[in-house]
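Chains A and B, in that order, give the protein sequences.
Note that the numbering used here has the first sequence beginning at 1036, numbered continuously upward.
Note that the numbering used here has the second sequence beginning at 154, numbered continuously upward.
Calculated from the structure, these hints are not laboratory results.
Source: prediction; values computed, not measured.
It is possible that some hints are incorrect.
Stated by the list, open to error - With a straight-line Cα cutoff of 27 Å, these simulated DSS-like cross-link-like pairs (lysine-lysine) come out:
id, chain 1, residue 1, chain 2, residue 2
1, B, Lys393, B, Lys217
2, B, Lys269, B, Lys223
3, A, Lys1443, B, Lys192
4, A, Lys1101, B, Lys156
For reference, the chains in residue letters:
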Amino acid sequence: MKKYDVIVVGAGNGGLSAAAYFARAGKKVLVLEKHNLPGGCATSFVRGRFEFEATLHELCQMGDGKNEVGRVGAVRQLLDGYGLNVDWVAVEEAFRTIVYDPEKGYDVTMPVGIKEFTAAMEKEVPGSGKFVQCVLEYGRMLCDGVEWLAAHNNEPGPLAKIEMLLKYGDLMKVVPKSTNEMLDRIGLPEKAKYIFESYWDYISANSDQMSFAVYCFMTYTYLTQKPWIAREKSHEISMAFDDAIRKMGGDIWYNTEVDRIDIKDGRVKGVHLKYGQYIECENVMCNLMPTVVFGRMVDPAEVPEREKKLISARIIGQNCFTLYLGLDIPYEQLGFKAYDTFVRFTGDNVKQYESFGSLDTHRDYCVTIINEVIPDCSPEGTCMVQFAKFYTDDAFRDVTEEEYFKLKDRIAREIVEHFEKITGIDLQSHIEELVVASPVTWARYLGTPQGDVYGYSPAGWDGMFPRVQSGHKLDHTVQGLRFCGGHGTQMDGYSQAYLSGAEQARYMLEEM
Amino acid sequence: MGKYNYDKSALAGLGVGDFLNEVKVREAHIAAAPAEEIKSVYNANILAGRLHPDYQQARIAEIKNEPDAKTFTFVQDDENGTGALAYFRAGQYISAVIEMNGVIITKPYTIASAPKAALGDKNTSYMITVKKSPDGFASEHILNNWKEGDVIMFSQPLGQFYYQDLRDAKNVIAAAGGSGITPFYAMAAAIADGTEDFNLTILYGSRTADSILLKNELAELETKAAGKVKVVHILSDEEKDGYEHGFITAEMIKKYGSGDYSVFACGPKAMMDFLKEETEKLGLPGRRVRFEVPGEFGNPAGTQGYPAEAAGKEYDITVIVRGEETKIKCRSDQTLLDACQMAGIPVTSDCRSGLCGWCHSRLVSGDVFMPESADGRREADKKFGWIHPCAAYPLGSVTMEVFPNV
C-alpha cells in the first residue's frame, strides 16, 4: 500500500482545509471520512424537487476586495489559494432581527456597509448613530489587529510583542472584556445594543461571557466584507475541496470510518479502520472533537492527564434543531423578506441563553431564505424557508425512542405556527417538502457529544484569543496528533473551521 | 495615534495585563479541573445509535405463504450483535444485504409491520413481504432460499415515504399495487394502535381476488382502526361482487377522496407511471401527491435522450476502490451499481432508484446515461462529475471510483 505522510480523519470543513494545505505543501495526504460525502455540516440534500442547504448561513472574512475597505478577506485568500472552484455569491444585507415582546419589540432589517448600518440604527434608535460609529471604529482597529496578528502567525515574538503593544494596545485592552461591558462603556443605548448583538445565535456564549473583540471583529467583517454563500449550496464548497485535494495529489476515501487511533508512548503510530485495515502513519490530523477522540478512539492509558482536565473544564457548545421547508409559493408572494432573520422573545441574549437549555423553555429561532440571495435556488414558483433553533445544553437528555418522532413533529409545528402568528403568513398551505434534523440527527451525522455543532463554548477563559495562543504548543499533547474544525482555536463556523485546518496543518508541517 | 476615531474614554481604567494573562488564566482553569473519565456519549448519541444503526442482524422467526409471495417476520438477533431492531416511521424501508451465488447485492423492502413492534429492547420484530417479480433475481432467490432461523443483514430504516401531519392532508388516499401495499399496511397498523392519527383509505389494486396480499390482515386492521382505515380492493382481471373492477384511475380516487386529501402511491413501476398521469388529472397541487421511490429504472433503451447506438453493447469498466483498480464488464442495459455488485465489489446502496445518494461515486472518465427521472443528484455533483451508479448506464468505457464501507 501507498505510504502517506499524513492522514486526515474526518472530511469536515477543518479536515478538508487541512488536507488541502498538506497537499499544496507537497505532502502525501489521505483523508478518511466515515460518511459517503465530504463536508460534515457543509452539505446539502435533495427532497422532491428541492435541494436544501444543510447548515450554511454565511461565510465570514470572504471579502473580494471590491468592498468599501478594499480588503480581501483572510478566508477568501485561503480558499483561493487552494484553488477552489466555487461560484461565490454575496449577501447584500446583514440581518433582520425580530423581537416579539409586545412592549419592547421591534422588527428591523440591518444592511451591510458601515454607513448604511449606522444610518439604519440611527433611524431605529435615534441618537445611537454616533455610538454605533464608535463601536465600528473599534471594529476597524480590531480587524487591523487580527490581520497584524495573523501576519505574525498569531505568535508575535518578543520584539513584535512590543510593536503590538504600541500599535494594538487597545485591542489588548478590549479582548478580555465582555461584549456587554464594552458596549455599555461606549454608551450604546440598550435597544441598539440588543440589535447589534443579534448574531448571538451563532455563538455559544452570551454577551456577558463573549469577548467584545471577537464579536465586534466578526460584525465589522460582515458589514465591510459582506456575508457570502455558495451558489450550489455548501455541498459545492465541499465538492470543490474534494476536487482540489485530488488535483494536488491527495486521496480521499469515503465510507471509511476510523475506529481507533493508535498511540504508543505519547506518539501516533497509525489508525485502525472500522472494517479491519490498519494504516501506519506518524501524523494524524483529526477533524473530530478531542472529547470524541480521547473519549473513545484512543487507548485510555495513552490519554494525557491534561486532555482529561481540559475536556472536563470545557462546556459543550450548542446543539441544534433545524427545520427545512420546501414551499409551493414563489418567494415574492411569501410576504416575508430577508435572507437571515433572528426571531427572539427578548433582545437580551443573557435571558435568551437561560431559556435555551431545555425543550420546554426554548422559544427562539432563526430563519434563512436563500431565495432572497439566489432567486433560482429552488424551482420556479417555489421557495425554501429554513429554521434553526440552538440549544445550549443536552436538550434531548430525557427523550425516549417512543416519543422521538412525535417530539420532532411537535417542535416543527411550534416553530411554524409561531412564525405564522408573528408574521401573519400562511406557511402550512404551501408545505410541499418538510425535513427535520434534531440534535439526534446531528449526533448521527457528526458523532459529536449531544449532537453539538459549535464545538466548545468560547466563554471567558476559553475564548478565541487564549485558544489561539494555546493552539500551537500548550494544547498539543500527543506527538503527531492535532485537531482542527469548528471546535478549534478560531471557534465555530465555516470560516473559522477552514482557518483552523490551515493553522493546525501549518503547525503539523513544522513537526513533519 | 489618531488612526482610529473612537472614544478612548471607554477604555478608562483598562490595562493590557489581563490580555497578557489570558493564557495563564486558561491554564489555571485547566489545572483546577478534575481529570475525570471523558464523557463523549449522551442521550442524543444513544438515540442516534438506536434509531440509525450501521447494520441490523435479524433472524427469520416465521414465514407465511401469500399468493406468489411470502411474508417474513424477523426478530432481533442478539447473538450477532443486534440487541433490538430500530424503531421507524410507518412507510420506511430497510435495505437487505443478499448473498446470492457468491455475490452480495442490496434490495430495499418496506417494513410492513407496525413501528410499535420494533419498539423497546425485547421482542422487537419487522415484517416484510416479498413478491415474485418477473425479472427479479433477488425476489426469486429470497422466495426459494430464505428459511426460518436464517440471519439476514439489513440497513437502518430509511426513506421519506411516511405521513407528516404538518405537510399532508388529514385524509390520505393510498394507491397501492401488488407488494406496494406494504407501506400502507404499516400505516394502517400504526393508525390502529394509536401511533399515527390520520384517515387512510387504501385503494388496493390486484389482478384477482385470490392474488390479494395480506387480505385478512388488512380486514382486521380495518376493524381495529374503528373508521380511520378503509380498504377498497380493485381487481384488474376479474369482476366480482364487493370489489371494484379495473385500474386505480383519477375517477376512482375522486370517488373516495373528498375535501382536502393527499394521494400516496406505491406499486410496480408500470402502475406508478400510469398513476402519475391519472393523478395529474385530479388537478391537485404537487404537495398533495406523493410517490414512493420507484425502484430500479430498468433498461434505459428508448428513454428520451438515450443514444440508440449504445443499446445492446457491453463495456469495459475500471473500478477504483481505495487506490486499487479492478476491471469489470457492464452491459449497456445494466446499471454501474449492478455491474459492481455482481462482480463482487460491494458498493454501498439503499434506494436503487437514483435518489437517496448513498452510492455517490466519482466518475473519473467516460460517459454515462442517467435518466432524468432517476437523477436525484445534488447540483454540485453534476459540476464536479459525480454520479449515482444505481441509476447510471455506461455509454462506453468508464473509469469510476467507488466507496464500499467494508
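Do the hints match the structure? See the list:
1. The suggested pairing of B/Lys393 with B/Lys217 holds, with an alpha-carbon distance near 26 Å, which does not exceed 27 Å.
2. Simply put, B/Lys269 and B/Lys223 have alpha-carbon atoms about 22 Å apart, close enough for the 27 Å limit, and the pair holds.
3. Our distance criterion of 27 Å between C-alpha atoms is met by A/Lys1443 and B/Lys192, whose separation comes to about 26 Å.
4. Restraint check: the Cα-Cα separation between A/Lys1101 and B/Lys156 comes to about 22 Å, which is no more than 27 Å; the hinted pair holds.
Checked against the numbered hints listed earlier, the structure breaks none of them; every hint is satisfied.
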